[in-house]
Amino acid sequence: MSIGDKWAGIGMGAMDKESSFKLLDAFYDAGGNFIDTASNYQEESSEQFIGEWMEERGIRDQMVIATKYTTLYKFSDQSVKQKTHFVGNNVKTLHISVEKSLAKLRTNYIDILFLHWWDWTCGVEEVMNGLHNLVALGKVLYLGISDAPAWIVSKANMYARQTGKTPFVVYQGAWNVVDRDIEREIISMVRAEGMALCPWNVLAAGKIRTDAEEDKRRESGEKGRTLMNPNWEREEKHKKVAKVLEEIAAEVSATNIQAVAIAYVMQKIPYVFPIVGGRKVEHLNTNLEALDIALTPEHIKKIEGAVPFDLGFPGGFIGDGSEYNFIYRMAGHFDKWPAAQAIRPAKM
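Here full-length UniProt numbering is used: position 215 in the sequence shown is 215, and no number is missing along the way.
Quick caveat, the hints were computed from the structure, so don't treat them as lab data. A virtual CB, placed ideally from N, CA and C, is assigned to each residue, including glycine. Careful: at least some of the hints might be erroneous.
[Stated by the list, open to error] Here are the simulated distance ranges between beta carbons:
#, residue 1, residue 2, range
1, N285, N231, 24 to 30 Å
2, G312, L141, 33 to 39 Å
3, R161, P345, 30 to 36 Å
4, A346, N325, 32 to 38 Å
5, N285, A342, 21 to 27 Å
6, R329, K92, 28 to 34 Å
Taking the hints into account, I'd like the entire structure generated from these sequences.
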């Protein structure tokens with residue numbers, strides 16, 4: 001979402017082509033190979049820049065490119081008078097969007113195609129049939145879904161398996177150390193479905209920062225993102241978590257709290273590939289430090305204890321499956337078979 005030069009005016013920041021290529025080069029040189037974008041990001045300039053960069057470097061097959069369809073990407077294009085066919089989960093929008101994305105990305109296949117958000121108008125049958133056809137044609141390799149209820153994903157995957165279609169293998173949704181709503185049902189769903197998870201908003205729109213970092217932004221006038229919230233400054237919950245992250249950063253010899261926040265989502269469950277933004281190479285290097293941080297179960301509990309989280313119903317009553325609930329334990333003692341764990345950095 002950071003790559004591209006069209007969203008500066010809406011509080012999301014923007015990068016010209018030279019800056020975008022510089023950041024992408026640094027990412028590639030550091031060993032990165034997964035890039036997430038969407039048909040509408042930066043009014044299409046995101047896909048365009050990424051495609052041109054890969055073509056110039058001759059590295060298309062070395063990269064894993066994820067893009068999305070559903071969101072209106074012709075919003076600002078005055079030459080398109082009828083925009084209703086450029087939004088939604090339907091097959092026509094899917095066809096138009098994918099063909100345009102392939103052209104902008106300068107490729108003949110998309111590694112992962114995400115449905116961007118559930119539009120509540122299409123049945124899972126139309127969606128999964130349309131997506132499977134793209135896989136059968138070789139235009140898409142894997143399917144993902146973003147910003148959709150757990151029951152929709154489960155229903156769609158059940159239909160796909162029963163009819164010999166391609167199921168979703170990865171979910172994308174908002175998740176960070178402060179905002180943990182995804183843990184109510186989505187986490188259990190991806191575990192049960194054997195799916196990977198690509199959380200976005202991992203740094204809470206840049207609000208995972210220390211008091212000193214906030215003061216520096218205020219003094220320099222840099223401030224922060226305002227698209228989702230006109231107030232760029234942190235709320236009390238962000239400040240509470242930041243203090244805990246600072247303590248843990250000192251314990252694990254991390255130089256910044258952002259890396260600890262990223263390590264949290266990567267190590268809470270298996271198969272997590274966080275999506276992080278940033279427009280500067282130094283932001284990238286800060287984020288990459290998360291790969292060297294090994295959090296203990298005690299660290300996880302300490303982070304989660306900073307801000308209360310209500311699992312809600314029914315999880316708050318019957319639990320989340322991580323252990324036997326109090327009703328079950330009325331019958332006796334049971335040892336829970338441990339769930340699969342995330343891979344943590346090995347000590348050198």
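Evaluate the given range 24 to 30 Å for the C-beta pair formed by N285 and N231.
-> holds, 28 Å
Could you say whether the range 21 to 27 Å given as a hint is met by the Cβ separation of N285 and A342?
-> Cβ of N285 to Cβ of A342: about 23 Å, so the range 21 to 27 Å holds.
Between A346 and N325, does the beta-carbon spacing fit 32 to 38 Å?
-> Holds - the Cβ-Cβ distance for A346 and N325, about 35 Å, lies within 32 to 38 Å.
Is it true that the C-beta distance of R329 to K92 lies inside 28 to 34 Å, as the hint says?
-> violated, 53 Å
Outcome for the supplied range 30 to 36 Å, where the beta carbon pair is R161 and P345 = Given range 30 to 36 Å: holds, Cβ gap about 35 Å.
Taking the beta carbons of G312 and L141, is their distance inside 33 to 39 Å?
-> Once the Cβ atoms are compared, 36 Å apart, the range 33 to 39 Å for L141 and G312 holds.
Checked against the numbered hints above, the structure breaks only hint 6 and satisfies the rest.
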